[in-house]
Amino acid sequence: MLKKRLSSPSEMVERLLAGDRRAAARMITLVEDGAEASNSLMKLVYPHSGRSVVIGITGSGGSGKSSLINHLVRKFREQEKRVGVVAVDPSSPFTGGALLGDRIRFQAHSMDDGVYIRSMGSRGYLGGLARATRDVVRIMEAMGNDVIIVETLGAGQDEVDVIHVAQTCLLVLSPGMGDDIQAMKAGIMEIADLIVLNKADLDGANFCLRSLEATIHYGLEESEDGWKPRVIPTVAAGARSEDVQGIDELVEAIEAHQSYLHESRTIEEVQAKRIEQELGLVFKDELQKVIFRGLRGTGKKRKYIQAILAGRTNPYSVVEDVLRAFLKV
Amino acid sequence: MLQKNPEQPSFMFQEPTDGSAPVQNLSGFEIKPEYGPEDLAGFDVEADLGRPGGYPYVRGAHRTMYRGRPWTIRQLGSLGPPQEANKRIRQLVDMGATGISLCLDMPTIMGRDSDDPLCEGEVGSCGGVAIDSIQDMRELLAEIPLDEISVNFVSNSQSSIILAMFCAVAEERGVSRDKLTGTMQNDILKEYEAQKSYYFPPRPSLRLTMDTIAFCAENLPRFNPISISGYHIASAGATPIQELAFTLANGFTYVEEGIKVGLDVDIFAPRLSFFFKVHNDFFENVAKFRAARRIWARMMREKYGAKDPRSWRFRVHTQTSGSSLTAQQPENNIIRTTIQALSAVLAGTQSLHTNSFNEALSIPTPRSEKLALRTQQIIAFESGAAGTADPLAGSYYVESLTNRMEAECLKYLKTIEDLGGVIQAIENGFFQREISEAAFRYQQSVEKKERIIVGVNAFTDEDEDEDTDIELRENDSEFEQQKVAALKEFKRNRDQVLVESHMDRITQICQGQANIMPSLISAVKAGVTLGEAIAAMRRVFGQYQEEAIF
Amino acid sequence: MHKEKIKVIVSKVGLDGHDRGAKVVASLLKEAGMEVVYLGMYQSPEGIIKAAIDEDADVIGVSYLSGEHLVYTPKIVEAIRSNGLDDVLLVVGGSFPPEDIPLMKEMGVDEVFRGGSLTKTIIDYITSSVREKNH
Amino acid sequence: MSQGQSKRGTPDTSCEVNWDDYLKAYYEKPQSGRTWSGYELKEIYNPKDRVGENYTQDVGDAGAYPFTRGIHRNMFRGRFWTRREVVGIGSPADTHERAAFCFEQGGTGLNTIADVTYEMGLDPDHPWAQHEVGLTGVNISSIKDMEILVGDIPLDKVSWSLITASTAAAATMAQYVAVAQQKGYDITSLRGSIQNDPVHFRYCGFRPACPLDLSIKLGCDVMEFCTRNMPKWYYTTVNMYDLREQGITAPQEVGFGFGIAMCYIDELIRRGLDIDEFAPRFTFYVSCHVDFFEEIAKIRAARRMWARMLKEKYGAKDPRSMQFHFAVHTAGCSLIPQQPLNNIVRIAYQALSAVLGGVQSLHCCSYDEPMCLPTEKGHLQALRTQQILAYETGVTNAADPLGGSYFVETLTDKIEEEAVRVMKQVEDQGGMEEAIRTEWLDRQFEAEAIKRQKEVDNGEKLIVGVNIFDADPEKTTPLGVQRIGEKSAREQIQQCLELKNTRNIARLKDAIERLREDVAAGKNTIPAMIKATHAFATTSELLGTVRQVYGYPYDPMQIVQSPFS
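As given, the protein sequences belong to chains B, H, E and W, one line each in that order. Going left to right, the first sequence walks through residues 1 to 329 as my numbering numbers them. Going left to right, the second sequence walks through residues 330 to 879 as my numbering numbers them. Going left to right, the third sequence walks through residues 880 to 1014 as my numbering numbers them. Going left to right, the fourth sequence walks through residues 1015 to 1579 as my numbering numbers them.
Keep in mind that the hints are not guaranteed to be accurate.
Claimed, not checked - In silico EDC-like pairs for lysine to aspartate or glutamate, Cα to Cα no more than 16 Å straight-line:
id: 1; chain 1: W; residue 1: LYS1327; chain 2: W; residue 2: GLU1281
id: 2; chain 1: W; residue 1: LYS1062; chain 2: H; residue 2: GLU375
id: 3; chain 1: E; residue 1: LYS999; chain 2: W; residue 2: GLU1281
id: 4; chain 1: W; residue 1: LYS1489; chain 2: E; residue 2: GLU978
id: 5; chain 1: H; residue 1: LYS854; chain 2: H; residue 2: ASP824
These aren't lab readings, by the way, just hints derived from the structure by calculation.
Take the sequences, apply the hints, and build the full model.
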């Protein structure tokens, strides 16, 4: 057991609700490590979650997500909202290590107690990154953050799942990565409520902007609930203050989407969809846990595999048998 | 305020000159401001340069040089008591030294035993090891694999006896003679020219040397019976060109003597090895080595008819210049030693000793000894200088300088020949005169500040002692009594009659022509001491006195 | 099942911007399977500590170059103590005179690595000490 | 194993030797089959390697195009390189004292180095500066400090090298000129140099002070001003050395360095200067790393490339424009704290390689640098290294003594070929400015630095005391440690505050306004900075004003606000 000894769950949650950073940090670690303790903790945390605006941001490397988030945080702080940030960076598939560099961009807030930043390695989470992230978000909600920003990299299925922890999802693109954009157009529909074209001061930005708007205009029917993604050009990098552009517009767009969600009461559907998805994930991996725990030591697992290899049976029948045995169905 | 110290030459505001002022190197050759292709007109690369490991060996004795194996990192392992020396040897090996040199204390050098009244206060002096009897040799070599570690005995007039003890101990330890490795300095001629530690007149001394060479040629094929040394000639004040010429002259003399006593040149020539000093002049030193290799190869093949390429190969051990080290600002010596060591490596030495930076003040201390060792290791493993053979080959300057060195050297060899050969030249004081003149000229140039020695005649410090932080090593005085006592004990426990008979036998052999080694070996086994053996020889050979030369 | 990760904060402090060493160490710790939060340059001791808290770090690694270690180390140690982060390992790297190593250890630094340290020694130290601290 | 082992004499167990290790060491090959930069070395180079060489075209005598063998005909016969020691420590007064010391020891040039606070453009009273003033150099906040630093040093005689690299170099230049004027010197008579290479300095941790556009603007203001007013002054030292210290290879050092140089050259040409007007005063700072021959080859290659580039690319006619003027700094990153006296050895032969390369000005590291700021002893040792090379070793007798060496000439060609390839890479990025903007260059540094560390970790590169022949670490620094008295720092801050309270504000504001106007009008900022300096404007005030006009925060650390707006 690598991590430190803990006080009782209830005590920890108390401290968390009081906004204690260390309690939050320690609980997040437990969640990350998928420790047994985490479930009992999350049970206590859950009732205090679900009250914050959760924004998901993804986009490929070099699109300037971090700088963008830095400015969003600044804006929300000006509105005196407490902000939590979950910055996910890829872990090395070989060593499992990760270099988490986003904090460099958040330096302006390094001394601000109203901002809680947590870097996560994508690791090889059982039950997927999404589940861990969702729990982290809940912890941050419970600790009293009004806005929580979830940052992740790329637009693969994992990221899509992660982003779906949020109510409002941003896809960040930048010019001069045409291929990525082509690749992402496909995913735009299911990922993005808002598309941010960052580094809009670079050559080719206009062309890029137009082609994106075209994609949305022609590519996407207005979803039945009446929200259509928009493209917002921004410039988030640059030491000069006047270099930075489009942030206000972006914040407005986010607010617009939020109020749309509430007015159109789509928010319930969204949340319902999220819960369904979560249950799916949780069942999948809890069930797997249960089954494998059940098989552990019985030597059955190996028997099944050998039987399948020998052609005496097949995966489908095995699954049926096992499920029957375990779930008495 | 800027020139508070009037002693400093005013380099501060030095203005450019056209650089046409004549410049001489240490050998006194005029050096041109620049060398180019025109300086190598008519230079036949194949014939005059060849390849490393190929005739005429200018570019190195071996084909791959240090890529095959680095030079032997050989450091000084002496220290009065044999046990101490033995310990130091193993410390050095542990620190990564790959070869060891052992020098002797004053009494041993003068051929006397520790209990000799003349030696009072001298036992274990100047960091040398005191060897009286075979017992000392046993302790000195304890646990050292004689077939692996090449021990270099810095021993000259007494070499035949030291070698005898070495063989005797090896025999006791069951190491057969054909496996024994190592080196005996054993270069008697340069003693008369420079070092001046001899007992007998030149000719009998030379005979002893030839006896050891002949003995080794037959019995110790892996052992270097002699290391023909320019180092001491240079240290006595000779210029690089003189060091080169006189050392080669001596070398050829041993060859001629060997042939005279009827040895086949290809039997003993391959085991002749050399010992050079690194002068301060970086490139002159490189040229010296390269010229030496070319001359040796050509003379051995053309003049002495050697057929075996190993006889043509000039193999050399090198030591950085002890005399260039200053007592002032001792850390500066680290720099001098580094540059000299690099020069020796670029010159293609087979083996290198780097001096300790505090030698001008004290016997090397563990720290300074270690630093000297590290200096070689840094050059070997970090500098990349060992990455390719003879990296300076082709350089217009270095090749021209090499040619010039060769030409001047041949002139000297001619002069010596005209004087009737080395022995004659020694007897009429030719070398001694040449060297003392050179030494005098050099000293003058330093005093006139024509030649600047940092910290000595320029850039001196007022508050000297404050900023030298060097631990010094003192001689331990108890050692002498212990040693003398031990020796007396040793003499008491041996068969005195047997000892006397062995000494008479030695005297007999000296009167005749037979090789002296076998009788010496059985003598030391019987307990005859170094001093006694020499006394026995002196009965026949007498003591040599040279008239002073200024 | 994934392995629980050692989490390391790597940071410069003050104005010195020689971040090469810090970056190299960060990357190599990553390759050793650790999760490294790199804070970059111009950090204040308080900022470093806040990051360590938020990230629930096991190790704080600070890199110095030019003599500022005696200025900032006490401040960092103080901040660690006042925040009760006694279970966090404080490791400093950079160039200092050997005399200062015991000095810094007295202040409360757990380990000091100078230039010319091999990555392996750093990794081994962190791995073993973190395990100790947590048992 | 050996007879010697089996039959023991009197055993002395105080030092057990592993004879197997001994044999291994004995037959060890030096691990130098490759150069430091990783190029295969042949076991032997010979005339075949030089076939097709055209001496006059490809090599040439010293003093003749393409200057491969040196920029002067007689090289060190005419004049030794300038032997420099960098000083910069505590207060301007402390620094002046150390400078004077180096003079007495026979140094022929003087380098004073700015501390981090100065380079960042902060005054001592800046909240971030307090802890670090005078720690790594000297902070000059006003004309007063510069007066103290200069003291009675004769500015028209001594060759003074001001090491301020960042955009603060503009302030330094202004302060130096202001003091010179005050002391009544004709500024055309000033000899010396200023580092003034803000573009490279972003990679030394000064990004906030060195935004790219401002770096080129202020850097070139200094260059332009000196070109027009200070004919004896070297107005930039493009610092390849710092780039090399990031861990890049020898050819990358040259390639990237030239790339940055071109940023300035192109701007100066854009400003209407003729290449031959300014190029002769262009200088470089080059590293001499641990690989003896590779570094010599690098220098020779750089000389040839510069000559060709200036002649062919920029159409220079004056041979002096084609001469690669450079100073060498021995490789600080090659020094290690383990067995520190070994560093004297490294420095010694690195310095030798610089001299054999034909250096104009040499700075030797102090062996104690990996442990502390150079001690007086360390400085002295470094200086002695140069003096021994100059006066004892005779290596100065002939120009380019290695010229013609099959190996060195071949390696020179190889380095040139590789460096040209690097420059092509940069070009493919859209030129150096683009490569910097897109952080392509950063990524090169990252990658190379990690490669280097791995080479040491897995023993491809050997370092005595680190991965071979290591020993117990020293408990103390052999020849002492350099400490900075906090006293000087406190005084610095005090004096700065005093100055700010006692100067004539109206006059100051007026001067700052002028500066602001000049920047806005795109004029050269140096004259206005000089005036403002006479009006006791401080470093941060000069630079902050310029930064604001360019739209950057007044204070790079974004804490202090401008007192003028």
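Results for each hint:
1. Distance check on the hinted pair: W:LYS1327 and W:GLU1281 sit about 15 Å apart at the alpha-carbon level, within 16 Å; holds.
2. A threshold of 16 Å between alpha carbons decides the hint, and for W:LYS1062 with H:GLU375 the separation of about 11 Å falls inside it, so the pair holds.
3. Straight-line distance between C-alpha atoms of E:LYS999 and W:GLU1281 comes to about 47 Å, which puts the hinted pair past the 16 Å bound.
4. A distance of roughly 6 Å separates the Cα atoms of W:LYS1489 and E:GLU978; the hinted pair therefore holds under the 16 Å criterion.
5. Our distance criterion of 16 Å between C-alpha atoms is met by H:LYS854 and H:ASP824, whose separation comes to about 11 Å.
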